[in-house]
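Asks: The lines below spell out each chain.
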Amino acid sequence: MNLGRYILQKTGWYLVALVAAVGLNFLLPRLVPGNPVDVIVSNLTRGGSITGEQQQQIYETYVAEFGLDKPLWEQFFTYLGKVFTGDLGTSFANYPASVNDLVGQALPWSVAVQLPAILIGWVLGNLVGAIAAFRGGNWDRSVFTSSLFLSSMPYYCLSILLLYVLAVVAGVFPVGGAYSLGLTPELSAEFLWDAVSYYWLPFLSLVIVFIGGQAVGMRSMAIYELGGDYVNYARAMGIRDNTITKYIFRNAMLPQITGLALSIGTLVGGALITELVFNYPGVGTLLFNAISQNDYPVIQAITLIITVAVLLANFVVEIVYGFVDPRIRAAKSGEK
Amino acid sequence: MSHATTPPAPASAGTKDRSGLLARVTDVRSVYGGGEQDFTAVDGVSLELGEGEILGLAGESGCGKTTLGNTLAMIATPPLYVLSGTLEIDDEVIDLSTLSPADVKRHRPYRGSTVSMLPQGAMNAISPTVRIRSLVHDVMRAHRTGVSKDEALDRARDRLKMLEMPVRVLDSYAHQLSGGMKQRVITVISTLLDPRLLIADEPTSALDVSSQRMLVEMLLAMVEQRIMSGVVFVTHDLPVLSQVSDKLAIMNAGSIVEMGPTRQLVEDPQHPYTKKLLSSVLDPTAETRERGRDRAQGGAPAPAPSTEEAR
Numbered sequence: 468m469n470l471g472r473y474i475l476q477k478t479g480w481y482l483v484a485l486v487a488a489v490g491l492n493f494l495l496p497r498l499v500p501g502n503p504v505d506v507i508v509s510n511l512t513r514g515g516s517i518t519g520e521q522q523q524q525i526y527e528t529y530v531a532e533f534g535l536d537k538p539l540w541e542q543f544f545t546y547l548g549k550v551f552t553g554d555l556g557t558s559f560a561n562y563p564a565s566v567n568d569l570v571g572q573a574l575p576w577s578v579a580v581q582l583p584a585i586l587i588g589w590v591l592g593n594l595v596g597a598i599a600a601f602r603g604g605n606w607d608r609s610v611f612t613s614s615l616f617l618s619s620m621p622y623y624c625l626s627i628l629l630l631y632v633l634a635v636v637a638g639v640f641p642v643g644g645a646y647s648l649g650l651t652p653e654l655s656a657e658f659l660w661d662a663v664s665y666y667w668l669p670f671l672s673l674v675i676v677f678i679g680g681q682a683v684g685m686r687s688m689a690i691y692e693l694g695g696d697y698v699n700y701a702r703a704m705g706i707r708d709n710t711i712t713k714y715i716f717r718n719a720m721l722p723q724i725t726g727l728a729l730s731i732g733t734l735v736g737g738a739l740i741t742e743l744v745f746n747y748p749g750v751g752t753l754l755f756n757a758i759s760q761n762d763y764p765v766i767q768a769i770t771l772i773i774t775v776a777v778l779l780a781n782f783v784v785e786i787v788y789g790f791v792d793p794r795i796r797a798a799k800s801g802e803k
Numbered sequence: 010m011s012h013a014t015t016p017p018a019p020a021s022a023g024t025k026d027r028s029g030l031l032a033r034v035t036d037v038r039s040v041y042g043g044g045e046q047d048f049t050a051v052d053g054v055s056l057e058l059g060e061g062e063i064l065g066l067a068g069e070s071g072c073g074k075t076t077l078g079n080t081l082a083m084i085a086t087p088p089l090y091v092l093s094g095t096l097e098i099d100d101e102v103i104d105l106s107t108l109s110p111a112d113v114k115r116h117r118p119y120r121g122s123t124v125s126m127l128p129q130g131a132m133n134a135i136s137p138t139v140r141i142r143s144l145v146h147d148v149m150r151a152h153r154t155g156v157s158k159d160e161a162l163d164r165a166r167d168r169l170k171m172l173e174m175p176v177r178v179l180d181s182y183a184h185q186l187s188g189g190m191k192q193r194v195i196t197v198i199s200t201l202l203d204p205r206l207l208i209a210d211e212p213t214s215a216l217d218v219s220s221q222r223m224l225v226e227m228l229l230a231m232v233e234q235r236i237m238s239g240v241v242f243v244t245h246d247l248p249v250l251s252q253v254s255d256k257l258a259i260m261n262a263g264s265i266v267e268m269g270p271t272r273q274l275v276e277d278p279q280h281p282y283t284k285k286l287l288s289s290v291l292d293p294t295a296e297t298r299e300r301g302r303d304r305a306q307g308g309a310p311a312p313a314p315s316t317e318e319a320r
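Taken in sequence, the protein lines are chains A and B. Add 467 to the 1-based position in the first sequence for the working numbering, that's all there is to it. Add 9 to the 1-based position in the second sequence for the working numbering, that's all there is to it.
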């Protein structure tokens, strides 16, 4: 089997997984006891100002809108058609706002705070972990202890701690939100400068924990690799330490690549607690609000996006792994 | 502690020039631990090796052969510490002790060029993510500043051709080579810088008999062609050593108990431990198997001398 055929086969399996995930995503809200539209309509009419006739009209509009009066299989194909044309539906809680708009507004905030945190945390964490393993002694002890402490700390604790120390006590950063009141999100220097001051706290609370986790993982892998025969042989041949470190780093980073890809895959789901602590308008906050309001289209859309992103990340990992580790490439392509 | 009971003697056969002394190793002491609970692995070993000579270092597992090999190759790392010992080679006296990280750094220029290592675990001696050609270049530029990749590869190609090995192995990763080929490729890399002394640590242990023969013949050819000037061949495989080495040193409990020309030592061992070790070798001939059966019918053999008795 050659590499091209392997990729094609993997693509097929991932498509099967995607269809299964989309099916579950469609089915789960519909398995909840009761009709979601009943919940929405009863929420809308809770004030008592709507008559029974109006209530019936609203109900029928929603049922027609979401196709709930049709058989399940027809609903599924309607749903599939909409999903594949990029139409994620209409929000229950924010009717008539489209889910596309809601997610589209929230996603950039989540990506902007998480992607740099994940990438910087991954690079720094792995470097620190590898150096600690290679140098050993006090360097290793102090790096390992502090990394273990940081990675063990629940990130919402660190968020609250940073919020209290840096925002409440020191007043260096704003307490919450993503930008100052009165400003509208736009690509202007004034807005970006303002948003950066709100950006630091959620960014720091994520990146610090991520550095700790990566450093602990990399250190363990690098220590394992340090005992490898190839390290002893390289030393016996007088190869310089920095070259040997590169050998170790390349072998030890293989599992770390998986971690990176999965982190990037799940970032679209938002850093739920961090966003709530800092009142950051990302996907995490949107998901939290949607769950508390039974806003199934939004929940479905976000879980679908997370599913697709994680599948995509896994797929990329499998391909990238083949390029980084020649043994896996050989196994995949059947080469000898 | 005991030293060699037989003084180093010139080798007996072959066309090699063994007029000169290649290396003198004096009073090597290596311990594991480095604290009060030290375990002495090599206890005051001294030996000499002539130009073009192959010295076989034999003994049972755990006797300190590999530790002595690592000490001579200057790759001792904690928890192994070399407390004392010198290696005199090419009019240079190298202090082998590794009591501080500075000592380990001091040894780097000698490793691979003056004294090289053919390791025990050659199967995993190449990083799985590094091509052979990259390793070749890394070895060359570690000792010759500014050497280009092409120059390094040219040298490796010449060496492979000289040893009648396929040049395409340079493009391979370790997993793409068979066990025997991997061992021979490692041998080529280990001797790329024409080291004066090669420490071959159980290079044939993991190989089948035909691969063993190919490797041994290759090593003999390399010594003949003066790619390296001498070999310390560490193994517990006495039949291989009796074929390869000019001189044998028998190690027990960290010390060399007997040393001498191979034929003399095999045919007329003096030390009780050497006798015990030689009598333990399995012989595949029918006559020996018959003797073994007779012994078994006649009762249990007499107990072998203990380590203390042997020393």
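Careful, some of the hints might be misleading.
Unchecked claim - Simulated crosslink set (BS3-like; lysine-lysine; CA at most 25 angstroms straight-line): (1) A:K549 to A:K537; (2) B:K158 to B:K170; (3) B:K158 to A:K713; (4) B:K170 to A:K713.
No lab work stands behind these hints: they were computed from the structure.
Asks: Against the earlier hints, flag every one the structure doesn't satisfy and list their numbers going up.
Replies: Hint 4 alone not satisfied by this model.
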